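S.K.: Sequence:
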Amino acid sequence: MHKCQDIIDVFNACFKIDLATELVKGGEEPIYLPATPYYPYHRVIFARGFYASALHEISHWCIAGQARRQLVDFGYWYNPDGRTQDEQDEFEKVEIKPQALEWILAKSAGFHFNVSLDNLNGDLGDIEDRTQRFKRALHEQVKDYLKNGLPKRAQQFSQALIKFYKRPPLAVDEFTLEAL
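Whatever position you read off the sequence shown (first residue = 1), add 30 for this note's numbering.
Treat the hints with caution; some may be incorrect.
Dumping the calculated DSS-like pairs for lysine-lysine here, alpha-carbon to alpha-carbon at most 30 Å [claimed, not checked]: (1) Lys182 <-> Lys165; (2) Lys182 <-> Lys46; (3) Lys177 <-> Lys196; (4) Lys193 <-> Lys182; (5) Lys46 <-> Lys177; (6) Lys196 <-> Lys46; (7) Lys196 <-> Lys173; (8) Lys123 <-> Lys182; (9) Lys165 <-> Lys177; (10) Lys123 <-> Lys196; (11) Lys165 <-> Lys123; (12) Lys123 <-> Lys177; (13) Lys182 <-> Lys55; (14) Lys165 <-> Lys196; (15) Lys55 <-> Lys196; (16) Lys33 <-> Lys165; (17) Lys165 <-> Lys193; (18) Lys193 <-> Lys177; (19) Lys173 <-> Lys33; (20) Lys173 <-> Lys193; (21) Lys46 <-> Lys33; (22) Lys196 <-> Lys33; (23) Lys123 <-> Lys55; (24) Lys55 <-> Lys165; (25) Lys46 <-> Lys193; (26) Lys33 <-> Lys182; (27) Lys33 <-> Lys193; (28) Lys33 <-> Lys55; (29) Lys182 <-> Lys196.
These are computed hints drawn from the structure, not numbers from a lab.
All values derive from a computational prediction rather than experimental measurement.
Based on the sequences and whatever the hints tell you, model everything.
M.R.: Shown next, in the form of structure tokens:
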């Protein structure tokens, strides 16, 4: 059973002191908030107490550089559900790396990963073709991360999850296109 308090505890043990960053269960929408003079910690806030949302938001945080971690939501735009095909193409380009990390972190925790195009009401064209292309790109990015190394914070968190959940080390052959 994957409890939100467990991922909060593991994340905060890894990063609250050293990087002044905490994971927080939030409301309807996820958000990243940098520290302020009134609150000393950066906050990765995940949606509605969903474990998968925590993994996804942590993945974005693991990729964000120092300058982006000083900006609300890392300074990124977000077009909500209902994107055009061009907007969706751009969205997918920026989502490959975080979703690849999310898959790795999910596997580190023994948690099921679901690919998300995050555009249920948009104009996606041939949805099956688009989904397959995105899955192939994710699979390639995961293989690249596992071959060449994860970002430092992602590696640290992956190892902490593996230890917490008593999981075996990650292996490339666990990450198959068919599993997506």
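S.K.: Determine for every hint whether it applies to the structure shown.
M.R.: Consistency of the hints with the structure:
Proximity of Lys182 to Lys165 is assessed by CA-CA distance (about 24 Å); at most 30 Å being required, the pair is judged to hold. Distance check on the hinted pair: Lys182 and Lys46 sit about 16 Å apart at the alpha-carbon level, within 30 Å; holds. Taken as a hint, the Lys177 and Lys196 pair is honoured in the structure, with Cα atoms around 23 Å apart against an allowance of 30 Å. In summary, the hint linking Lys193 to Lys182 is supported, as the alpha carbons are separated by about 17 Å, within the 30 Å threshold.
A hinted pair counts as satisfied when its Cα atoms are at most 30 Å apart, and Lys46 with Lys177 qualifies at roughly 29 Å. Of the pairs offered as hints, the one joining Lys196 and Lys46 holds, with about 22 Å between alpha carbons and a cut-off of 30 Å not exceeded. A distance of roughly 23 Å separates the Cα atoms of Lys196 and Lys173; the hinted pair therefore holds under the 30 Å criterion. A hinted pair counts as satisfied when its Cα atoms are at most 30 Å apart, and Lys123 with Lys182 qualifies at roughly 22 Å.
A threshold of 30 Å between alpha carbons decides the hint, and for Lys165 with Lys177 the separation of about 18 Å falls inside it, so the pair holds. For the suggested pair Lys123 and Lys196, the alpha carbons sit about 33 Å apart, so the restraint of at most 30 Å is broken. For the hint linking Lys165 to Lys123, the alpha-carbon distance of about 12 Å falls within 30 Å, and the restraint holds. With a C-alpha separation of about 21 Å, the suggested pairing of Lys123 with Lys177 holds against the 30 Å cut-off.
Restraint check for Lys182 and Lys55: the C-alpha separation of about 24 Å stays at or below 30 Å, so the hint holds. Under the criterion of a C-alpha separation no larger than 30 Å, the hint pairing Lys165 with Lys196 is consistent with the structure, at around 28 Å. Under the criterion of a C-alpha separation no larger than 30 Å, the hint pairing Lys55 with Lys196 is consistent with the structure, at around 24 Å. Using a Cα cut-off of 30 Å, the hinted pair Lys33 and Lys165 holds, with the two alpha carbons roughly 27 Å apart.
The hinted pair formed by Lys165 and Lys193 meets the criterion: a straight-line CA distance of about 28 Å does not exceed 30 Å. For the proposed pair Lys193 and Lys177, the alpha carbon gap of about 21 Å is at most 30 Å, so the pair holds. Our distance criterion of 30 Å between C-alpha atoms is met by Lys173 and Lys33, whose separation comes to about 28 Å. With a C-alpha separation of about 22 Å, the suggested pairing of Lys173 with Lys193 holds against the 30 Å cut-off.
Proximity of Lys46 to Lys33 is assessed by CA-CA distance (about 19 Å); at most 30 Å being required, the pair is judged to hold. At roughly 15 Å between alpha-carbon atoms, Lys196 and Lys33 fall within 30 Å of each other, so this suggested pair holds. Proposed proximity of Lys123 and Lys55 is supported: the alpha carbons are some 27 Å apart, at most 30 Å. Distance restraint check for Lys55 and Lys165: the Cα-Cα separation of roughly 28 Å lies within the 30 Å cut-off, and the hinted pair is therefore satisfied.
Between Lys46 and Lys193 the CA atoms are separated by roughly 18 Å; this keeps the pair inside 30 Å, and the hint holds. About 25 Å separates the Cα atoms of Lys33 and Lys182, which keeps this hinted pair within 30 Å; it holds. Using a Cα cut-off of 30 Å, the hinted pair Lys33 and Lys193 holds, with the two alpha carbons roughly 16 Å apart. Simply put, Lys33 and Lys55 have alpha-carbon atoms about 11 Å apart, close enough for the 30 Å limit, and the pair holds.
Taking the CA atoms of Lys182 and Lys196, the gap is near 21 Å; set against the 30 Å cutoff, the hint holds.
Hint 10 from the list above is the single one not met by this structure.
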